[in-house]
Every structure is written in structure tokens, then in C-alpha cells.
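One line per chain: the protein sequences are X and V, in this order.
For the first sequence, the residue numbers in the numbering used here are 1 to 235.
For the second sequence, the residue numbers in the numbering used here are 236 to 311.
Heads up, some of the hints might be wrong.
What the hints assert, rightly or not - Dumping the calculated EDC-like pairs for lysine to aspartate or glutamate here, alpha-carbon to alpha-carbon at most 20 Å:
| # | chain 1 | residue 1 | chain 2 | residue 2 |
| --- | --- | --- | --- | --- |
| 1 | V | 244 | X | 86 |
| 2 | V | 244 | V | 265 |
| 3 | V | 281 | X | 93 |
| 4 | V | 286 | X | 86 |
If you are wondering where the hints come from, they were derived from the structure by calculation, not from laboratory data.
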Amino acid sequence: MGRASVLRLNEQGVRVVGIARRGNKLEELKADCLYSDKFYYETRDLSSNIEELPDFVKFLAEKYGKFSGYVHAAGVLNPCPLGIFDYADALKDFNTNLFSAVMLTKGISIKKCRQDKLNIVYISSIAAKTGNPGALTYGMSKAALNMAVVTLAQELGSQKVRLNSVMPGGVDTDMAERYNEVLPYNYLEKVKQNNVFHEICKPEDIADVVMFLLSSRSYWIQGQNIIVDGGETLG
Amino acid sequence: MKKEEFLEKFIDAVQIEEDVNEHTDLSSLDEWDSLASVTVLALFNKYLGLKLTAQDIKSCMTVGDILNLGREKYAE
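With the hints as extra help, turn the sequences into a complete structure.
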């Protein structure tokens with residue numbers, strides 16, 4: 001979904017700095033950009049050295065200019081039923097899904113790193129509400145991410161920072177693909193049965209909502225975790 | 236990790252309370268369900284660096300079949 005969001009922003013001619021673990025994926029993304037000269041990237045693992053992230057944002061702002069938006073699309077789902085639950089593993093996943101988002105937000109909300117108005121969008125998940133057996137850490141981290149949205153939107157609102165999240169249902173991504181492989185049933189097929197359109201959500205469908213939340217057209221939306229799941233959770 | 240150690244991890248993670256050996260039928264274990272299969276995949280990934288799929292587990296009938304999936308990765 002991060003990738004789809006970058007491509008949508010790039011189509012609009014917006015300058016974007018992509019952050020990811022692997023340089024080859026970022027290089028591929030750059031090649032797919034319509035305006036590849038407007039896409040920059042840095043490699044950074046967001047599962048460790050979290051305390052350094054505000055300084056990392058300062059470095060980025062000095063190198064590329066002040067930011068007007070930030071999308072947190074980093075997320076990992078490592079299946080871990082309770083029998084194999086491990087604190088150190090969970091902490092690492094929390095770093096990627098939650099703490100890196102908070103610390104990057106801490107960095108980017110500083111005046112010298114951002115423009116007068118700043119729009120932040122986190123990619124959460126309906127798992128924050130529904131949970132999934134075998135995905136305890138994932139669900140907990142996304143529920144906490146939702147609360148970061150609610151709390152920080154109140155703290156930062158008066159400083160012209162808007163903060164919201166998108167909660168997708170099942171989306172056709174590499175992560176869903178891997179999840180599919182470890183489940184005894186076909187996860188994406190189940191998602192297809194459960195939503196009202198009986199289709200599988202594409203990353204672009206989520207990226208469109210991210211674009212809206214990054215734009216001034218959504219100005220009056222603040223501190224919301226918005227379900228975008230084709231009715232999957234309507235029951 | 237040795238095969239015997241992996242068996243210990245398996246018993247512990249799936250929270251099996253009966254006595255098991257390589258000949259134990261998975262279907263005879265109360266604890267063996269779809270979530271246990273996810274647990275086993277996570278064990279292979281964590282301790283042996285093996286990325287297996289639910290299909291690999293589906294073909295297993297006994298505890299020995301499960302252990303056999305990691306045959307190339309065990310320490311002597």
C-alpha cells in the first residue's frame with residue numbers, strides 16, 4: 001500500500017521520499033514512477049534503533065526539504081499463536097508497526113522539519129477491531145496505532161497537524177500472499193466472500209483514500225481511523 | 236537445532252499434554268487444529284529458517300511427518 005501511495009502521489013507530481021528496508025524494492029519503485037526524478041529514497045530498517053528516528057527525520061528534511069505529509073505504511077504480520085508468542089519478537093513487530101510511526105511523527109511534527117500544514121496518514125487495519133487468531137501481535141499493534149491517531153490528533157491539532165488512519169480489510173499485497181501460505185484456508189478467498197462486492201481489494205483502492213486524507217479536501221477530518229474494507233466488517 | 240530439541244519446541248508451543256512420539260497420529264491429539272498448524276509453520280521459520288506453507292503441513296499424518304519436514308536443517 002506504501003508502494004501504491006507513492007505511485008499515486010508521483011502521478012500528481014508530488015515529490016516523495018520513500019523509506020524501506022530493501023534498496024532493490026525502492027529502485028524498482030523508482031523505475032515504475034511516471035516522474036522518477038521526483039522520487040527519492042533512503043533505506044532504513046524500522047524494526048530497530050527507534051530512538052534515532054526523530055534525528056533521521058531531521059536529516060531527511062535537511063537533505064530533501066520540509067515535509068507537508070507523511071504516510072506510515074510499514075507493517076509486519078508474523079503469525080504467532082499464543083503457544084509461540086515471544087516478547088522479543090513481539091517488541092520488534094511493535095517497533096515496525098507502532099513505535100516507528102510514533103517516533104517518525106515526533107520528528108516530522110517539529111517546525112524545522114515540516115511546512116506550516118502537515119497531513120499524516122497511518123495505514124492501520126480492521127484487525128485492530130476484529131482481531132485474527134494467530135495474529136495477536138499484529139492486532140494489538142494496530143489497535144495501539146489507532147489510539148496514537150486519536151491521541152496525537154488532539155495533541156497536534158492546534159499546530160496545524162492533521163492525523164488520521166485508514167483501516168483496510170484484506171488487500172492483495174505481498175503480506176496477504178504470505179499470510180495465505182501459512183493459513184489452512186485461502187485468506188484472500190475468504191475476504192472475497194466476506195465483503196459485499198465479492199472482490200479482492202487492490203492496494204490502489206487504499207491509496208486513493210490515503211490521497212484524500214493527505215489533501216486539504218479532507219480538512220475537517222481529524223483523529224479518525226477510517227474503515228475501508230468493502231463492507232467486510234458489516235457482518 | 237537437533238531434531239529432538241525441535242520436537243520439544245513443538246510439544247511446548249502446541250501445548251500438547253499427552254505423551255507423543257514420532258508415530259503419534261496428529262488426528263489423535265486434542266490440541267491439533269488449524270491454529271496449531273500456523274504455530275508449527277512459525278516454529279520452522281523461527282528455529283530452522285524454513286518457510287513452509289499450510290500445504291506442507293496438510294500432507295502430514297503423524298508427528299514424525301511434521302519433524303521430517305525439517306530433515307535438511309537439523310543439527311547432528
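Distance restraint between residue 244/V and residue 86/X, which requires alpha-carbon spacing of 20 Å or less: It holds: about 13 Å lies between the C-alpha atoms, which stays within 20 Å.
For a C-alpha distance cap of 20 Å, please report whether residue 281/V and residue 93/X respect it. The given pair, whose Cα atoms are some 14 Å apart, holds under the 20 Å limit.
Given hint residue 265/V paired with residue 244/V - CA-CA distance at most 20 Å: holds, 18 Å
For the pair we were handed, residue 286/V and residue 86/X, check the Cα-Cα distance against 20 Å. holds, 18 Å
The structure shown violates none of the earlier numbered hints.
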